[in-house]
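**Student:** Residues per chain are reported as follows:
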Amino acid sequence: MKGTIETKEIALSEIFPASQKMKDDGYRLVQICCTSLAAGSVEHANALEMIYSFDKDLDLVNLKITIGANTEIGSISPIYPAAYLYENEVHDLFGVSIKDMTLDFKGNLYKTAIPCPMNPDFKQRLRYIVTGFERE
Amino acid sequence: MIKQTIIPFGPQHPVLPEPLQLDLILEDEKVVQAIPSIGYVHRGLETLVTKQEYQEFVYIAERICGICSFIHGMGYCQAIEEIMKVEVPERGVFLRTIWAELSRIHSHLLWLGLAADAFGFENLFMQAWRIRETILDIFERTTGGRVIFSVCKVGGARKDIPGNILAGIGTTLENVRKEVVSIAKIFLNDNSVKHRTAGVGVLSEQDAKDLGAVGPVLRASGVSSDTRLRGYAAYPHAEFDVITHTDGDCYARCAVRIGEIYQSIDIIHQLIPKTPEGAVDVKVIGAPRGESYMRLEQPRGEVLYYVKANGTRLLDRFRVRTPTFANIPPLVQMLQGCDVADVPNILLTIDPCISCTER
Chain A
12 MKGTIETKEI ALSEIFPASQ KMKDDGYRLV QICCTSLAAG SVEHANALEM
62 IYSFDKDLDL VNLKITIGAN TEIGSISPIY PAAYLYENEV HDLFGVSIKD
112 MTLDFKGNLY KTAIPCPMNP DFKQRLRYIV TGFERE
Chain B
412 MIKQTIIPFG PQHPVLPEPL QLDLILEDEK VVQAIPSIGY VHRGLETLVT
462 KQEYQEFVYI AERICGICSF IHGMGYCQAI EEIMKVEVPE RGVFLRTIWA
512 ELSRIHSHLL WLGLAADAFG FENLFMQAWR IRETILDIFE RTTGGRVIFS
562 VCKVGGARKD IPGNILAGIG TTLENVRKEV VSIAKIFLND NSVKHRTAGV
612 GVLSEQDAKD LGAVGPVLRA SGVSSDTRLR GYAAYPHAEF DVITHTDGDC
662 YARCAVRIGE IYQSIDIIHQ LIPKTPEGAV DVKVIGAPRG ESYMRLEQPR
712 GEVLYYVKAN GTRLLDRFRV RTPTFANIPP LVQMLQGCDV ADVPNILLTI
762 DPCISCTER
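Those sequence lines, one after another, are chains A and B. Just so we're aligned: the first sequence equals residues 12 to 147 in the numbering used here. Just so we're aligned: the second sequence equals residues 412 to 770 in the numbering used here.
So here's chain B without its partners, still in its complex pose (with noise of 0.2 Å):
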């Protein structure tokens, strides 16, 4: 019988840009099993609902995350709109919209940025994040931020886009999608890239419903399913397919996200034009009184957010369950059987935020 070996991978490792541990249990170079663990930086966000008035908690609610923050804020806001049954002008729907696809295209290019210093190209991960930073041009100008931008209010946006920058967006994206294409060559046919991702870290479709896989990790093992079809915000003004991909393998996982970004610029061109003109927010007065489940598909995944509401401007519960909670089942069950080499590369794969995990 092999000796077993316990290597602890984590909670400090240079691909994570934050703490999470693995305990890698290897038979020789063989993982045979892993066992997560997280909750070194919980930050008990959920719990300041208690003590911020329900409309301040915007702010708290975007700063879950860094990466995907616009959504967080946007999700929170539903959530309240939809309790108190407010209805957003279709110009601040679609603006939101709008910022929630940009968010989508910004965090997949940084993580193809990641996955590249991963597997060690890092001239490739310089040309994605260089590609990202237009992306947070654009936000800078639309919104004042490049991270946290709080334009997400209950009630709708507190920022309008005029029509000339609107347009201009389009135009800058279809640049976007050229360099894109320029580097998601080297990312699907390079054979030294396709070394490190072909094959290694398969999640099987049965492996993945069971397990509760979300977003891209879903849908590279072959799952149709994109919460979007829901139907909220202006997605219904959008025609878009679900991106799958078949292998269930790190190969596939980038293959699924450069889809969604071309899909995001698809999404963008599609509801510029279609943006109507008129007020961006209506005023919100009162308090909820109610709960509510609301879904929305984030760059990593389907997040819900659940809000409990007793009536005064303080709200007795918010919860968030973020894609990259759900995906940690199916990461463990990835690792099974890996070479101890391919851990950082398919951990990477699944996009893990950590700052979401432990809001």
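Bound conformation, chain A alone (with noise of 0.2 Å):
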């Protein structure tokens, strides 16, 4: 098959200035996923994966961070306009806090039975369920 796939792991603070070297590089913003970790290990119970995903002529380049699911990250839709979608998607299903989004939804993209579902953290999901203070 044509195309690579190149998966880096980077740091958090890295994700903005990588990011804006691949929109300087041409690349375009594929998708951004959130995975728990909590499946993977003990050590892990409580950690997220967030995986940004370019592409350039059929390249594919995935930049991955872990995070607490407490973490607060920053938006990367000054760069990619696109961005905030899956950002607003990273938020309302996993309960990522993620700052200076071009269009936040705050936490209504989704609107799901329970807010942040695939949030690993049992407590935080219960405490978004019981005082509801992430929609407004």
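There could be a bad hint or two in this list.
Lysine to any residue pairs mimicking SDA-like chemistry, simulated, CA-CA at most 20 Å apart [stated by the list, open to error]:
1. A:Lys13 / B:Val653
2. B:Lys589 / B:Asp677
3. A:Lys117 / B:Val743
4. B:Lys496 / B:Val743
5. A:Lys75 / B:Asp727
6. A:Lys117 / B:Ser615
7. B:Lys694 / B:Val497
8. A:Lys67 / B:Lys694
9. A:Lys32 / A:Ala58
Don't read these hints as lab results, they were simulated from the structure.
Could you use the hints to bring the two separately framed chains together as a complex?
**Tutor:** Below, the structure written as structure tokens:
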């Protein structure tokens, strides 16, 4: 098959400059995906893995960061305008706090029965259910 | 200063078969901004992967969407096969590709009908869907289903297509081509239709790239991009060019989809005589461990499947980035500056599939 797939693990602080570099190099944003690492090990019981995928001429580059369930991350929507949709999705399903999104749905992109249904931290999910503070 | 009015478009609207809402901010009758809102029927299918065994999950993957159901199953299977290094027999690969291209023809014909319905040409809508029935008949004859086929499995295909039926598909598709030519004349040349599509909902090449457009929406803006060129499945055995258009308007998106119907027929014609004899599947034992990023070209554009497996029969993660999800930011851009009467038309030209978006 044509096209390479490269996956790099980077630090949380590097995601913004790394995304800017991808943009400058002519890559387009393919997706942002969040995965709970809870099933992997007890050590990562509340950890989440964020994958930012970029494409250029069928070559796929994935940038991975690992964050805690309560970590706040910066939005890349100022660099890639379409990122707001993926970031709102990650916020609504996993409860990841993302600041400076160009369009913030404030927890209302998905009308799920319970907030953050895919967040691995049950206590946090319960807190969202009880307080409902994530939605305005 | 003109007073601004906010009109909620959807979630229930005659042009939308599924719920999607756009808050249209208007100045007089011009849209100055559109704010999308989805999530009315989010089903959480991705999480079911942690509750169903990986071989059974194919049935759920297929049910993400009723139009591109086969390709969802195929993409999931390919991702698992890549992790487990399963070699699918050549005949199984060819049959999968033929079904995938038939899905593209049926999806584009369905869209042509919906587009005709949106601009008020009911007879054209019925003609497009009448032709589409022929493709559904082929599906029924070869798989037993018309919407959900369940012929894709990890390791190949569940059913074989006998040689005489395979040859008959080629003949049937030539009749389909003639009928598509007759309706394509109206879509592409009729003045009343062009009046609703030409110059409407323009997406520039730069915007299409910047906003992450995929599929016919991207190609209609002049970007030559098609995931099939990666050479997955049996596509290396077929010669085809990427169909593009430069105008980036509703007319261009319509023209690209019509061109892709002919292209899919040509691809199937090339594949049928090359389809080798032999088995269509291999037995797969064990459980996957690892991760895979699988990209396919659905009728609506590039789809990405991310699968993460832990060595048990239940997967850690299944993620689908569907083409409609990627085409929502470009849609918002297209709507800026358009007449409010053109909103249904423009919205339909991204071929929105909310089932896919609300996986």
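**Student:** Within 20 Å, alpha carbon to alpha carbon, are A:Lys13 and B:Val653?
**Tutor:** Status holds; Cα separation ~16 Å.
**Student:** CA of A:Lys117 to CA of B:Ser615, is that 20 Å or under?
**Tutor:** violated, 30 Å
**Student:** Is A:Lys32 close enough to A:Ala58, meaning Cα to Cα at most 20 Å?
**Tutor:** violated, 26 Å
**Student:** For a C-alpha distance cap of 20 Å, please report whether A:Lys117 and B:Val743 respect it.
**Tutor:** holds, 19 Å
**Student:** Just to be careful, I want the Cα atoms of B:Lys589 and B:Asp677 compared with a cutoff of 20 Å; is the pair within it?
**Tutor:** The hint holds at about 13 Å.
**Student:** Does B:Val743 sit within 20 Å of B:Lys496, going by the straight-line distance between their CA atoms?
**Tutor:** Violated, at roughly 41 Å.
**Student:** Please work out if A:Lys67 and B:Lys694 have their alpha carbons no farther apart than 20 Å.
**Tutor:** violated, 36 Å
**Student:** Tell me if the straight-line CA distance from B:Lys694 to B:Val497 falls inside 20 Å.
**Tutor:** Holds, because 9 Å separates the two Cα atoms, which is no more than 20 Å.
**Student:** Assess, step by step, whether the Cα of A:Lys75 is no farther than 20 Å from the Cα of B:Asp727, and give holds or violated.
**Tutor:** holds, 16 Å
Checked against the numbered hints above, the structure breaks hints 4, 6, 8 and 9 and satisfies the rest.
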